[in-house]
Amino acid sequence: MSAVLPTAEVPAADDLLAVTEDVWLALLGDEAVLLPRAVPAGSPFDAAAWSAATTISGGWQGVVTVELDESVARRLTTRMLALPEAEEASDSDIADAVGELVNMVGGNVKSLMPGPSALSLPAVAAGRAAFASDAALACRLDLAWQGDPVRVSVHVPQEGPR
Amino acid sequence: MIIDDSRAMRSILRRIVTDLDFETSEAEHGQAALDQMHAGVVPDVCLVDWNMPVMDGYTFITEVRANPAWRDVTLMMVTTESEQRQIVRALAAGAHEYVIKPFTPDAIVDKLSLLGLVPA
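Chains A and B, in that order, are what the protein sequence lines are.
Numbered as in the numbering used here, the first sequence ends at 165 without a single skipped number.
Numbered as in the numbering used here, the second sequence ends at 1474 without a single skipped number.
Please keep in mind that the hints were generated in silico from the structure rather than gathered at the bench.
Model, not experiment: these values are computed from the prediction.
Glycine included, every Cβ here is placed at the ideal spot set by N, Cα and C.
Relax, there's no trap hidden among the hints.
If the Cβ cut is set under 7 Å, some of the chain A residues that face chain B in the computed set are:
1) M83
2) L84
3) D99
4) A100
5) E103
6) G110
7) G118
No more than 25 Å apart at the CA atoms, straight line, and that leaves these computed lysine to any residue pairs for SDA-like:
8) K1465/B with A29/A
9) K1465/B with A85/A
10) K1465/B with L28/A
11) K1465/B with G32/A
Model the full assembly from the supplied sequences, consistent with the hints where possible.
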C-alpha cells in the first residue's frame, strides 16, 4: 500500500482498501480474501495482462485504475458470469467483467471525495493502463488474490505550473 | 428487466432474480430497454444501472415515467452512483428503490421484498 502526494486531496489508502475489499467480497463471496503484497514504491505492475480505468470529473478530479494478472482476470470473469468450469471466458467477457470491476471501485471512490462529480464509462485494455503525462499517482494498493497480483491505483491531475 | 451495459452484472442480477422465480429480459442500455417495452415487453420491475452508453438509467426512468401506459412498472436503480444528490434525483424522477453497487444478493431480495414483489 502506498500513498503519494500527501498534500493533495486524495483518498486514504485504508479507504481505497475498504472499497476494494467490499467490491471483491460482493463479486466473489467467501473466496474474496485479498492479501497485501509488498512491492517497492515506483515499481511497475509486474504482471499486467488486463487494466481498466474510469475517470471522475467535477467536484473532484481523478482516475481510478485496476490492473490484473491474466489468471485473476479470467477467474474473476468466470465467477461473475457463472461460466461452467469447462468453458473459458472470452477476451470480450474479460473486458466486460474488468470494466465492471473498475466501475464499482471508481464509483465508490467517487463517493469518498468531494462532489458533485461524474463517473466516466470504463476504458479497458489488454495490457497496461496509459495515463496522461500530467497525472500523478495519489494512492496505490498492491494486493494478491489467491497468490496472483492485483493493483488498484488512483491518479490525480498534477498540480503546479506545466 | 435487467438494464446494465455489463454482461457480467446482468448475469449476477439474473441469477439473483431467477432464484426468486422471476422471468427476465435484458437490455444493455436504456434505449434498448425502451425499444423492448415499445415492442410489448413491459416488465413488472426494471433493475436499472445509471451509467450506460446510448441512454443512461436516469433518462430511461424519466422516459418510462412520462408514459402513462407504463405507470405500473416498478423501477429500481442498481448503480455505483452513491452521492445523495444522485439518489434524490433518481427517486424524484420516479425510481422506487435504489441499490448501490457493490451489493449482496440479500440487498436485492430485501428491496424487492420492500416493494412487495417477493414474499417477505
